[in-house]
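Chains A and B are the protein sequences, given in the same order.
Quick note on numbering: the first sequence equals residues 659 to 996 in my numbering.
Quick note on numbering: the second sequence equals residues -14 to 132 in my numbering.
Hint data in this document are derived by calculation from the structure and do not stem from the laboratory.
Where is the CB? At the ideal position from N, CA and C, for every residue including glycine.
Among these hints, one or two may not hold up.
Derived contacts from chain A toward chain B, CB cut-off under 8 angstroms, selection only [as the list claims (entries may be wrong)]: (1) G706; (2) K708; (3) C709; (4) E757; (5) K804; (6) F806; (7) P809; (8) E811; (9) L901; (10) L905.
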Amino acid sequence: MAKRIGRGTAELTCRPAILGQAAVGGQTEKDGPLGHAFAEIFAEARLGEKCWEMSETRLQQAAMRHALTSAGCTAQGVDLHLGGDLINQCSATDFALRELGIPLSGLFSACGTFAQALAMGALALESGAFTRVSACASSHFCAAEKQFRFPLEFGGQAPPTAQRTATAAGAAILGQSASGPRISRVIFGKVTDLGVKNANEMGAAMAPAAWDTLRRFLEDTDTKPGDFDVILTGDLGEIGSLLLCELAQAEGGLDISGAHKDCGLLLYDTKAQDAGAGGSGVGCSAAVLCGEILPALRAGALRRVLFLGTGALLSAISPLQGESIPAIAHGVEFTVDN
Amino acid sequence: MKTTNNQYEKMVHKASPDSPHAKNFLLAFLVGGVICALGQGFHVIFEKLGFEEEQVKIIVPCALIFLTAVFTALGVYDKLGKHAGAGAGVPITGFANAIVAPAMEYHCEGLVLGVGANLFRLAGPVLAYGSAVATIYGVIFYFLGGK
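Chain A with its partners taken away, still in its complex shape:
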């Protein structure tokens, strides 16, 4: 049974393992530094569908198919699916699960959804009521542009602080195994808001949430940034990453720059690919984690990773109503046994 350590961290005693994982993406993602990390690439952004929303559903189904193969099991062998996306009412996830037939608990923490799914999945396994849990999260550049910004063919200009929503999905199958990366601790984020109102400054809006969860996790577990091979944030991008390091220095006197990496900066070559301040979107951290980090943990190249999935909890209309952007960051610690 999991036990609480400190004020908000759950330490898992059975430490669920990642049985298999997979990332899928689009052409821009393939052209980035992590092009090798994808199990399947969809060069055609519509994925054979008429509407972007259904294209994202297909991304999720592909990620799940590859993750199940990687774990060596079928959808019938999975007891619970946890997942989410950015499309209204999490419909990409709901529609993807029409065909998979796994009991679903849909989640939403914006771009922090994959971390939330892993944390909830680990706790579900720890409860003993489930033996295998799947987690999946996705985003699609075109679907996100349509919902949150402008129609795709509109000739607008984005400021340099804006980030590019990834066309990607990541999926992982969790269960009990003697080998593979394990989830040893999880922590849920608090809704944090330091008053950023500009929807083109999502990295800045999310950095305080990442710092809050990181600070609480380090306090609860009595660890230092140097204890981790990587502290991996979701999609803070260039500006959010800089601000996270500054907040850690100013409020905690900690230098995290040596251990910190950001999925949004790993996914794209921001300058060459015209990706603004870096990647974002639910699929960004899910794909980087499943395509690059979890395999590195499995291979032993990394041994201890703290994953902080960051999400900006705005709606398409809340910035127009003058609201600032609340953000959240959920933490999942991965370790590897000797």
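Since the structure of chain A is already known, use the hints to place chain B on it.
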């Protein structure tokens, strides 16, 4: 020490790069100028083809709108707009792009509630406030004795 909203605003401002204003202004000026020169070119051509002045004033915007619709559909105009900003947005071609882009985007939701309802999603504010300002201007003009 906990960072306050004001302190954080300053941190964000310092960390965020400015838009490249000089480059943006220059590109907007050049592209906007080229689009307007193109319009003037059409004007000259249609005049030479023997159309009346009043007809040319209608044909030229139609030609620019038609070309914009084609280049929007080909996925070219959004790239132009990304680099040229207001240079591509302010001329009549920008308005045409703002109508064609949602028409393409919302075709999935059907011709009535998709295309029809979203056609003026971007251009609507320009029409609404443009008409309002024109009305106010017309009233003032009338009372000042303009003809």
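Double-check A:P809 for me: the hint is only fine if its C-beta lies closer than 8 angstroms to a C-beta in chain B.
holds, 4 angstroms
Hint check: is the beta carbon of A:E811 less than 8 angstroms from a beta carbon of chain B?
A:E811 check passes; min Cβ-Cβ to chain B is 4 angstroms, inside 8 angstroms.
Given A:C709 as an interface hint, is the shortest Cβ-Cβ distance to chain B below 8 angstroms?
OK, holds: A:C709 within 8 angstroms of chain B, min 4 angstroms.
Next item in the hint list is A:K804. Is there a CB on chain B closer than 8 angstroms to its CB?
holds, 6 angstroms
When the nearest CB of chain B is found for A:L905, is that gap smaller than 8 angstroms?
Holds - the Cβ of A:L905 comes within 8 angstroms of chain B, reaching about 6 angstroms at its closest.
Tell me if A:K708 is really an interface residue toward chain B, meaning its C-beta lies closer than 8 angstroms to one of theirs.
holds, 6 angstroms
Hint validity - A:L901 Cβ closer than 8 angstroms to any chain B Cβ:
holds, 5 angstroms
Restraint satisfaction for A:G706 [CB to CB of chain B, less than 8 angstroms]:
violated, 14 angstroms
Interface restraint verdict for A:F806 against chain B (beta-carbon cut-off 8 angstroms)
Not OK, violated: A:F806 not within 8 angstroms of chain B, min 13 angstroms.
The hint names A:E757 as touching chain B; please verify it with the least Cβ-Cβ distance against 8 angstroms.
violated, 20 angstroms
Of the hints listed earlier, those the structure fails to meet are numbers 1, 4 and 6, in rising order.
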